[in-house]
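Knowing the structure of chain A, use the given hints to seat chains B, C and D on it.
There are 4 protein chains.
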Amino acid sequence: MKEKVKAGIIGAAGYGGAQIARILLAHPDAELVFAGSRSNKGTPAADVYGNLRGRTQLLYVDDNMDGSEEAGKMLLELADSVDVIFTATPQGACAGMMSEALLERCRIIDLSADFRLKDVSVYEKWYKIEHKAPQYLAEAVYGLTEINREKIRDTRILANPGCYTTSSILACLPPVADGLIDTGTLVVDALSGVSGAGRGAKTANLYCEVNESAKAYGVTNHRHTPEIEEQLSYAKGAGTKPVTLTFTPHLVPMNRGILVTAYASLTEKALAADDPADLIRKSYEQHYGSEYFIRLLGEKGCPETRFVEGSNYVDIGFAVDKRCSRLIMMSALDNLMKGAASQAVQNMNVMFGLDEKAGIDFIPDAP
Amino acid sequence: MKEKVKAGIIGAAGYGGAQIARILLAHPDAELVFAGSRSNKGTPAADVYGNLRGRTQLLYVDDNMDGSEEAGKMLLELADSVDVIFTATPQGACAGMMSEALLERCRIIDLSADFRLKDVSVYEKWYKIEHKAPQYLAEAVYGLTEINREKIRDTRILANPGCYTTSSILACLPPVADGLIDTGTLVVDALSGVSGAGRGAKTANLYCEVNESAKAYGVTNHRHTPEIEEQLSYAKGAGTKPVTLTFTPHLVPMNRGILVTAYASLTEKALAADDPADLIRKSYEQHYGSEYFIRLLGEKGCPETRFVEGSNYVDIGFAVDKRCSRLIMMSALDNLMKGAASQAVQNMNVMFGLDEKAGIDFIPDAP
Amino acid sequence: MKEKVKAGIIGAAGYGGAQIARILLAHPDAELVFAGSRSNKGTPAADVYGNLRGRTQLLYVDDNMDGSEEAGKMLLELADSVDVIFTATPQGACAGMMSEALLERCRIIDLSADFRLKDVSVYEKWYKIEHKAPQYLAEAVYGLTEINREKIRDTRILANPGCYTTSSILACLPPVADGLIDTGTLVVDALSGVSGAGRGAKTANLYCEVNESAKAYGVTNHRHTPEIEEQLSYAKGAGTKPVTLTFTPHLVPMNRGILVTAYASLTEKALAADDPADLIRKSYEQHYGSEYFIRLLGEKGCPETRFVEGSNYVDIGFAVDKRCSRLIMMSALDNLMKGAASQAVQNMNVMFGLDEKAGIDFIPDAP
Amino acid sequence: MKEKVKAGIIGAAGYGGAQIARILLAHPDAELVFAGSRSNKGTPAADVYGNLRGRTQLLYVDDNMDGSEEAGKMLLELADSVDVIFTATPQGACAGMMSEALLERCRIIDLSADFRLKDVSVYEKWYKIEHKAPQYLAEAVYGLTEINREKIRDTRILANPGCYTTSSILACLPPVADGLIDTGTLVVDALSGVSGAGRGAKTANLYCEVNESAKAYGVTNHRHTPEIEEQLSYAKGAGTKPVTLTFTPHLVPMNRGILVTAYASLTEKALAADDPADLIRKSYEQHYGSEYFIRLLGEKGCPETRFVEGSNYVDIGFAVDKRCSRLIMMSALDNLMKGAASQAVQNMNVMFGLDEKAGIDFIPDAP
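Protein chains in written order, with our numbering: chain A, 3 to 369; chain B, 3 to 369; chain C, 3 to 369; chain D, 3 to 369.
Chain A with its partners taken away, still in its complex shape (with noise of 0.2 Å):
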């Protein structure tokens, strides 16, 4: 019998960090050996997250990481017990704690954007604060499954993408990559639940303030904007100059989920085939027709968030508008899921060599 992975969390009391604990509880090959969270240490898990009742005897343990040289100790310690740690913290939580000591312990899985942007005066810029250890950025694989599994398999540091990015990502990447579209004229739309703004007492994320509400927010400076147009700029028929994009999320009154509709004018390549539509729906096919998790609605398909909740997929279809010679790229996904805790544990089961969809093969449960 194969010995399970033995994982950590650190931040394990937000909202991803608890759905990493939830999976993980029930992982036929991991074990979930520690959950840290500062403002809860000593408390059970289960008294906190009310429905890990009967599941877990876990206490919440101390995972300070103020840079202070016993914080590092603790930390080194926490490391020894465990394979991978998973790290849902701050902006510069887990830039502050990288060190050799700590990765030659364990792998790390960061669910913040410590590791994502390859370029640290852009992410200087759009986080506005300073990297605390850029010599790892080279090394760190993004982790969209789909993309880069095979970078995945060996890397110490694995930099789990965003919600929005994941989705806005996956909606574009075909019609790019084939040149299908003009990435100069690319605007990216996207909806998110409340889950998204995680679980701090925050006036504004009260439900009064939320509920029966729709706006946009963070328009024109959100921080996953960089993290998409790079992405989207590796791409193959991306062209020469990296991608620029207008990115603008809106929160909508509900628990969770990612909903992206994309638009861009169709290529020349595009618009001088039979059938445009036709070409987009083979372009998405040679790219994720055989992924599990990624499942294709076809031309005119809608993705639901609903559909989606609970589970590590992503829906994905799209419209041409004949009348603009323009793309509208439509995908959904569960933000806390494939969003941020199974598409985490996707990465983890390629790390250490298990079934991909161990533990994470939910059916969504609507309604």
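Take these hints with a grain of salt, some might be off.
Since the list gives no way to pick one copy over another, a pair counts as held whenever it fits inside one copy or between any two copies.
[Stated by the list, open to error] Calculated cross-link-like contacts (lysine-lysine; reagent style DSSO-like; alpha-carbon spacing at most 27 Å): (1) Lys302 to Lys204; (2) Lys302 to Lys130; (3) Lys302 to Lys127; (4) Lys153 to Lys4; (5) Lys153 to Lys134; (6) Lys324 to Lys127; (7) Lys302 to Lys43; (8) Lys8 to Lys359; (9) Lys271 to Lys243; (10) Lys324 to Lys130; (11) Lys6 to Lys359; (12) Lys120 to Lys324; (13) Lys204 to Lys43; (14) Lys75 to Lys43; (15) Lys4 to Lys359; (16) Lys302 to Lys238; (17) Lys153 to Lys8.
Because the hints were derived from the structure by calculation, they are not lab data.
Relative to the frame of chain A, chains B, C and D by itself:
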């Protein structure tokens, strides 16, 4: 003492019609004489809409509009009893009942699309029904009050705009009119609450089908598209070609509200300015600065539907995405109010020489 | 022309205080002179409550009530500027600022519990704080307008009832007063929307903690319990012993609304009637038949919170469970309106000899 | 390797049936052979329930049960293909199709009420339809797994309990069985999410009719009442008279969840204890301490539906109201899971000798 305007409603048991009834029941200068609902005829309105309890004894009257001789006679009798009829009816119904005999008796405020588009072939293409009264298209006035106030005063047929349309046009008009955006790049992305889908008993609109989910629908072919295009085409600065744009509506889980986020490239004229954002701001102020029901949030002001809910207000903001030389236009309104019922009453007020705010000067009541 | 009543609000940035502001800004016979919010002082009210944009230029003023000399002086200055102050403040604050000097300057409508209970020991037991001004308890009038209208006219201190309380008392009072139910068997089960929990930034009230869930809370020890008991004990027919009852509040995912379902065994007097339901119906009609803001739905009439939302109405229904010789009493109101702000203004109207409906005669606007 | 249990579903396109399908598609020891839906026959199940995309190619088959000869023949053919049929059908349908010929072919797990009540006259009184197969009532086993586990193993007809019923019975049974509460005073007040109302296209269940509102319904005559009464009457300690209780269901705006709050006076036996709460706690522990799917929250533990959503768990808490000598019993479950589909599969597991948790061991996934 001035006599009150006598009003009737055909289609009074739908969500839009019911709002008109509610508004008229408290209107200082108007009186609700009849409320029609074929399927509820003989039932007290307050039995269907419990919110009206204590405010009206009206029973729904038969408002059959099947085109029969009997229906026609009944309609004229209803028309004889009022100064104005609001028709909150399915597409085709108002055109089907239009006649000189009717217009001699009362004025018509139609909340359907029957008289919104000037070109009958565009109507028939998008709505896929034959127009029964194209001879009245020329005289009908498009009732976006802030734009057509003068023409509205004397019209016999007021074509009350759609909810998506009011929000989209008002958001985009100033920069289009002032030649600040390239209409060939215009994309309108909109979110709607569920009441926009009406009160018909359809599985797709059940609570559990809509709640906790978001989706696009009507992609590339929603019927409000040509209405937005036509009105924007009238704007000075729109260019000589008719405006053609991509419009994508989305359904989000809330009762009320339209949120529009529109995108277009800035023109060279706009980009040549020292501060394009300042130019845009002035454009909005010049067009709307004196409008009571339009509230300008300025640059980076993001409207929220909760802050207009229950009112006749439209909140408008914008942002300039310098990296992409693109303008983002945003607006919010209540689809049942400024997007339907309260704008209809606003138009009635103008048509009958009343204070434009009479009966519709609600302050939104967040939360 | 009559001079307007000048009013100020202490605690104007909470949900209750903000509703009072909204109501007063459109009140025909009152004027909002100041709105206090210590944490928002100097900020335009319309920046915090975007719904008020275009309706007021008021900046929040400091309404410090820390008991210091300076605070006391500031309070008297505020009091000098108005006829009435609404205090929408945490428990203890209003009692802490009460004085003859204050009451010489203006009248007080307190939305906290400080002056609701006549017995200071009951207050101190349930609220677990010392009462700072027990000498004013005797003269304070409990502001359930429909019950105490006459006493309200002349009071200096109006103790505005709680939301659960108004709903519970009005539902149960007629059968208690007429000796039709055994108060020893009384159970009040109530549901509340989330705005009742206030606008404080607490994790427990975040959207994702509350949405898609229901729970009881404060079981056996909710502070509104003694208020309901005391008021019902005053009723003729309540018997000679003070009423003692079980009260269980629940939180359900909606912005507004209280729904009360109360249970009690019918007395022999009620059971002796040919038709106990008819007796119950008459009891409600005798008590409330002439009340404008109470709407009686009769036997088997089930109130729905959506039909009172945004209004000062209370809807009341009942059912007789013959199999169990038990009465079920039901009521619905809007917790921020009849349960707080609009009842406070209703009381102000009575206190200042205005039309009782002035400024609060809203028709609920479902959906 | 053991052969999988072959299962079919009649009424597979309703919310309950669809959950059974979802569960069986991932069940390690069972196989979904057919899914019936007359109105969707020939349509892929994944077209109606988009969440099932990628998980099944099944087309809905005709499951006509109109009593015709042809329907009867078709039913037997379906029965020949499986070991068990789940019937998630309207009242009367399962009784109408019951026969020896059917039971020779497969076992039946009925999610309707047809075989839940032993007394046919009680069934016909509350459901107002004639029972077509009363001869099978005696052998049918009431499938509250935790109560009737032993009888369930060998039954041919499993009467799967209702959602309100499972929650109510499990909350009340221990104190009833141990003689700690007076059943004559029992009141069960319950809240339900909207999925309990089914997927039928009814105006009353539209999003805008249900959202932002709460109401009681079926007051004094809800059909689950006699089911709760009958099962509690079987309990030792219930006394010699059948239990009669008041049951009041409420609709609250959430997709899933039942929350029960039940009230009863403590008996002298309970009040005589030094600490009645301790006695109650022990009663729950003795009855449920070893049950995997029942989680006891103890005194003052208030269940929340979010913490059981998506799972087969029932969370139970209680409180003693000393002032009133009354016990408050609380429970929460997911109406589509333990209240319908997952309990049905739990019963299937017992009936076929599988691990009772197989395929239904979901951890709830709050938020």
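Hint-by-hint comparison with the structure:
1. Lys302 to Lys204: between (39 Å within a copy, 21 Å between copies)
2. Lys302 to Lys130: between (40 Å within a copy, 19 Å between copies)
3. Lys302 to Lys127: between (38 Å within a copy, 19 Å between copies)
4. Lys153 to Lys4: within (24 Å within a copy, 40 Å between copies)
5. Lys153 to Lys134: within (24 Å within a copy, 65 Å between copies)
6. Lys324 to Lys127: For lysine 324 and lysine 127, the Cα distance is within 27 Å only across copies (15 Å; inside one copy 38 Å).
7. Lys302 to Lys43: Classified as between: cross-chain Cα gap 24 Å, same-chain 49 Å, threshold 27 Å.
8. Lys8 to Lys359: Answer is both: 17 Å inside a copy and 25 Å across each meet the 27 Å cutoff.
9. Lys271 to Lys243: both (18 Å within a copy, 25 Å between copies)
10. Lys324 to Lys130: between (42 Å within a copy, 19 Å between copies)
11. Lys6 to Lys359: both (15 Å within a copy, 22 Å between copies)
12. Lys120 to Lys324: between (37 Å within a copy, 23 Å between copies)
13. Lys204 to Lys43: both (21 Å within a copy, 19 Å between copies)
14. Lys75 to Lys43: within (17 Å within a copy, 46 Å between copies)
15. Lys4 to Lys359: For lysine 4 and lysine 359, the Cα distance is within 27 Å both inside one copy (17 Å) and across copies (24 Å).
16. Lys302 to Lys238: within (26 Å within a copy, 35 Å between copies)
17. Lys153 to Lys8: For lysine 153 and lysine 8, only the intra-copy Cα distance (22 Å) is at most 27 Å; the inter-copy one is 42 Å.
Checked against the numbered hints above, the structure breaks none of them.
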